[in-house]
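> Chains as they are written, first to last, in the working numbering: chain A, 1 to 117; chain B, 1001 to 1114.
Hints were generated in silico from the structure; no laboratory data involved.
Each hint should be verified, as a subset may be incorrect.
[As the list claims (entries may be wrong)] Ranges between beta-carbon positions, derived for each pair:
no., chain 1, residue 1, chain 2, residue 2, range
1, A, 20, B, 1030, 34 to 40 Å
2, A, 11, B, 1084, 26 to 32 Å
3, B, 1054, A, 114, 36 to 42 Å
[To be verified] For the chain A half of the interface with chain B, some residues (derived, Cβ under 8 Å), not all of them:
no., residue
4, 44
5, 52
6, 56
7, 105
Since this is a predicted model, take the numbers as computed values, not measurements.
Every residue, glycine too, gets a C-beta built ideally from N, C-alpha and C.
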Amino acid sequence: AQTVTQSQPEMSVQEAETVTLSCTYDTSESDYYLFWYKQPPSRQMILVIRQEAYKQQNATENRFSVNFQKAAKSFSLKISDSQLGDAAMYFCAYRSGRGGGADGLTFGKGTHLIIQP
Amino acid sequence: KAGVTQTPRYLIKTRGQQVTLSCSPISGHRSVSWYQQTPGQGLQFLFEYFSETQRNKGNFPGRFSGRQFSNSRSEMNVSTLELGDSALYLCASSLGDSPYTEAFFGQGTRLTVV
Chain A
1 AQTVTQSQPE MSVQEAETVT LSCTYDTSES DYYLFWYKQP PSRQMILVIR
51 QEAYKQQNAT ENRFSVNFQK AAKSFSLKIS DSQLGDAAMY FCAYRSGRGG
101 GADGLTFGKG THLIIQP
Chain B
1001 KAGVTQTPRY LIKTRGQQVT LSCSPISGHR SVSWYQQTPG QGLQFLFEYF
1051 SETQRNKGNF PGRFSGRQFS NSRSEMNVST LELGDSALYL CASSLGDSPY
1101 TEAFFGQGTR LTVV
């Protein structure tokens, strides 16, 4: 079974600075997809960024980018110019491509990101 | 466009009872998946439906069941509730069944079993 590990239960960053959230995963598959989701206090999970494992180029979405190291099975999220609205729980997630992804998302335990004004 | 709607938002049930949670996906979305979120176990996959067919089920006992209707709305049912079933239940919908498709989540149903 695949596992996703987020080693930082909590991170704190000053507003406007850059922060990197870590994520590692364990899989024997070659076809898979990786995601970062954000869960603010409203509890609604929101997709931040996603990456297809077969693509070597790191995904970028505005202030959010990933560092995808396939050999190391690492998928970290970098948030640039942190804003107060970025404060939330961040979950790294894995989805197998096997069976069309029918196994659903496997989530890490999450990192609580605090933004200091 | 309306998002994913889960009802009810909060629920308190007694041990041994059964409960049904509802999820209305975004219009046009045919895939619905359910997750259980607890402080101890985190987010765990329950099941996924696509066009009324259950594609897969996570490692949960048979007390957990679900279904999807022809309009893509989905329900999940938990019978013989246990204290450990207290959790936030999240529903997500997506347009297709591709693993790369973005999943849009609802705000969840908070179930408390007493």
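> Of the hints given before, which are not true for this structure?
6
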